[in-house]
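Single-letter residue listing:
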Amino acid sequence: MKLPADLPAGAASRADRGLAIRLRRRAAEVVALSEFFAVYGSLINFAGLNALLALSLYVPLSAGQLSLGNAAFAGIGAYVSALLTMRLNVPFPMSVAAGGCLAAAVAMAIGAPVLRIKGIFLAMATLAFGEVVRICAVNLSITGGAEGLIGIPNKTTAVMIYGALAATAYFLTALRWSQTGWSFASIREDETAAMVMGINTTRYKNVAFILGAFIAGIAGGLYAHLNFIITPAEFGFSAEVQLLIYNIVGGTRSVFGPIVGALILTAIPEALRAAGVTAGPLRLGVNGLILLLVILYLPNGLSSLFAKKR
Amino acid sequence: MISGMLLEFEKISRSFGGVRALSGVSFGVQAATIHGLIGPNGSGKTTLMNVVSGLSGADAGRLLFDGRPIHRLRPHRIAALGVARTFQNIRLFSGMSCLENVIAGQHLMGARPLFQRLFRLRSANLAEMKSLADARACLSKAGIAGRESAPAGSLSYGERRRLEIARAMALKPRLLLLDEPIAGMRLREIEEMESLFRSLVASGVTILLIEHNMPFVMRLCHSITVLHFGETVMTGTPGEVAEHPEVIEAYLGGKGERNEG
Amino acid sequence: MSVFLQQLINGFFIGSVYGLFAIGYTLVFGVLDILNLAHAAIFTLGGLSALWLTTTAGLPGWIAFPLATLFSGVLGLLLYRVAFAPLRRRADSNLSGLISSIAMAIVFESCALGIFGARTVRFPEGMFQNRVYHFQSITITSLQLEIVAVALGLMIVLSALLKYSRTGKAIRAVAESENTARLLGINVEWIVSQTFFVSSALGGAAGILYGLYFDALAPDMGRSIELKGLAVIILGGMGSIPGAILGGIAFGLSEVLTVELTGMSNLRDAVAFTVLLLILILKPSGLLGRGRARQA
Chain P
1 MKLPADLPAG
11 AASRADRGLA
21 IRLRRRAAEV
31 VALSEFFAVY
41 GSLINFAGLN
51 ALLALSLYVP
61 LSAGQLSLGN
71 AAFAGIGAYV
81 SALLTMRLNV
91 PFPMSVAAGG
101 CLAAAVAMAI
111 GAPVLRIKGI
121 FLAMATLAFG
131 EVVRICAVNL
141 SITGGAEGLI
151 GIPNKTTAVM
161 IYGALAATAY
171 FLTALRWSQT
181 GWSFASIRED
191 ETAAMVMGIN
201 TTRYKNVAFI
211 LGAFIAGIAG
221 GLYAHLNFII
231 TPAEFGFSAE
241 VQLLIYNIVG
251 GTRSVFGPIV
261 GALILTAIPE
271 ALRAAGVTAG
281 PLRLGVNGLI
291 LLLVILYLPN
301 GLSSLFAKKR
Chain E
1 MISGMLLEFE
11 KISRSFGGVR
21 ALSGVSFGVQ
31 AATIHGLIGP
41 NGSGKTTLMN
51 VVSGLSGADA
61 GRLLFDGRPI
71 HRLRPHRIAA
81 LGVARTFQNI
91 RLFSGMSCLE
101 NVIAGQHLMG
111 ARPLFQRLFR
121 LRSANLAEMK
131 SLADARACLS
141 KAGIAGRESA
151 PAGSLSYGER
161 RRLEIARAMA
171 LKPRLLLLDE
181 PIAGMRLREI
191 EEMESLFRSL
201 VASGVTILLI
211 EHNMPFVMRL
221 CHSITVLHFG
231 ETVMTGTPGE
241 VAEHPEVIEA
251 YLGGKGERNE
261 G
Chain H
1 MSVFLQQLIN
11 GFFIGSVYGL
21 FAIGYTLVFG
31 VLDILNLAHA
41 AIFTLGGLSA
51 LWLTTTAGLP
61 GWIAFPLATL
71 FSGVLGLLLY
81 RVAFAPLRRR
91 ADSNLSGLIS
101 SIAMAIVFES
111 CALGIFGART
121 VRFPEGMFQN
131 RVYHFQSITI
141 TSLQLEIVAV
151 ALGLMIVLSA
161 LLKYSRTGKA
171 IRAVAESENT
181 ARLLGINVEW
191 IVSQTFFVSS
201 ALGGAAGILY
211 GLYFDALAPD
221 MGRSIELKGL
231 AVIILGGMGS
241 IPGAILGGIA
251 FGLSEVLTVE
261 LTGMSNLRDA
271 VAFTVLLLIL
281 ILKPSGLLGR
291 GRARQA
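Taken in sequence, the protein lines are chains P, E and H. Counted from 1, the first sequence has number 119 at position 119 by our numbering; the numbering is strictly sequential. Counted from 1, the second sequence has number 240 at position 240 by our numbering; the numbering is strictly sequential. Counted from 1, the third sequence has number 158 at position 158 by our numbering; the numbering is strictly sequential.
The set of hints was computed from the structure by calculation and includes no laboratory data. Some clues are possibly wrong.
FRET-style restraints, in silico, Cβ to Cβ [what the hints assert, rightly or not]:
hint	chain 1	residue 1	chain 2	residue 2	range
1	H	Arg-90	E	Glu-194	35 to 45 angstroms
2	E	Asn-89	P	Ala-112	22 to 32 angstroms
3	P	Phe-228	H	Thr-120	23 to 33 angstroms
4	H	Thr-274	E	Glu-194	54 to 64 angstroms
5	E	Glu-249	H	Arg-90	43 to 53 angstroms
Beta carbons: idealized from backbone N, C-alpha and C, even for Gly.
Isolated chain P, as found in the complex:
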């Protein structure tokens, strides 16, 4: 899922072509209404959603599981909630919750076989899962095929997005000091040592995977009701990678890392635009350079710059 502001990032890919159309449509509306606030209002909304999505990936990462299926879970949440509101007139909060629950249910089903795989192979298996979900969405008639779902009512507000973000961040901070949080951290550090100290690693890895999928599903539902359209391509490989980038740039040692990463990387293209950098490729390249510098010189992410040593 991408912020319209970094449109040139992939003016190339199909995902972004869909976005481009939407962006133009939105731009027209925006100009007709009130220019400035509306433009940045949408930036603020997308930044919040990206942060929420980044947190959804942070959960399995904090348990040492490199899952790249969270954009697909967001897609499941988006489609389910959009279909519920559009076809069955289910009230908006309920349809978003249902989207989150279904994403979690799918995670529960695939978690048992998939989480036996480790490291990079888990990343690939979850990527393959994401592709299967995307291909399903392209081929089912109920999801509207490659063109996606059009005409989703606009119900999501900035307050909801940031409310969900704050609630999630608070929950994850509290979780960190609980039995579950310590188990996640132990598994991430050394799975074997975690096992012999009594941690049911299989169970906690599943918990992390399912919780992440649930958050992604909720974020997907909010995203669907912020946009007029959703398409399968928006929840594909580039989106998965984008979520990973937010986490790496921000750092995964605390809940705030992914949020900082998502906010900064969502804002930078816009800031560059304001600073007069108009060339799209340059703005894209800056994101790549930031990621490169962070992985080379700040392995614990940007948030480690501000972290106080306990």
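Once you've looked at the hints, dock chains E and H against the given chain P.
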């Protein structure tokens, strides 16, 4: 069943792709004693320890803990019965501080409820205070109280071994498995560990340890099992082991001479 | 029946390009245990630089294409120096390497966008005498034959080099165990650099062939092949060269067969990715690979 046995191996066998790491190992570990496990490299000591902690299954035989078969249980279930261990190649959580390592080790103490914490109830605070106090006590018993906020990755070799022991103690185990606990330690550290182990045993803990430092083993252990090519050569008191001709031949490497392999 | 046969042949042609792409992927994985996600970006730059050499520089294909292949190899060296070499000593080097390769992929892609724009471009018309052969109802073009010949030729050359040349043997030694290789007096750093050079040159060559086959080049063309390449090397077993070739052809065939049998072109990748997911779950070492996925 011999009374007072906490751990009993009954004809435990285990092979890896055709190589027999353990064949028909049988012996018992008396409760509240220190039991040494010695033998040359590759004799199956660590494999045996992995079988006890559930990391490696046994192909045949039975393993009883407090009279209850545990050889089919998964590692976390075995830990829940009160079995803690350390590793030959030290497996610390190097991204955490010393104190955090020990707190992570308190998993089975179950004092960290999410919902109290979520709603900031007083009980959450109390539970946390208790867990902190317990963790500090473990660190100070292991003699590294001064390093509680140091990252585990920054410790010296001997300190790392001690931190791993502290983390294992956080589980309040009935049986403590120590894989070469004093390897790489200085003399003064070894003496401290010796008194730590003795005090643990005095409080009712049973220790099964693998160690190559023969004087240490002979001094400390109540009984010793000698493994050779995956088979039990003998089990006996340190005195008996030192007298056994086969042991002297195969392991101690010379008559009466206690070398420090 | 003949339509079916025609599809099989088409699948074989495109599958050989997938195989060539995947070989480079799998080579780096075999040697370094690193998933190089910038491989697709080099594939793109290989194709686009060949285009630049033939159009702007006006070189004939037989000079331009080898030059572009060399250029891709040099990009591979750059990639290694910048993104992988500094991380080699790190404990989580295969994970941080994955991420720095993503970063380099973004940088490469933005360069491609900046230089060539977002348009889809093609090689100049009339560059080749593209003859069309008919065998009963089956059609094969000379371009297709040339593509397959080059792809298979490069694969054979690479396999032979790995098997018989000094460097090839050293590469295999490093793949087996870096420390042992070092003890044997092999300059590991140099061998790894060479691996990247060869891998990226093959990736660039695949990009050129892909551009010729579909008669289209675009800065995002790497994205569609990136996941396919992953699927191919998992099907074939990570690190296995024959596996990558067979996996590539199998993937090409499965694409055309799925479309042929279901009549839905959108389902093209469905079978391949479902099979991929199942393989990872059931036999993570791949069909021809070594069994080490679970310990990764």
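Notebook entry, point to check: Which hint numbers doesn't this structure obey?
Noted result: none
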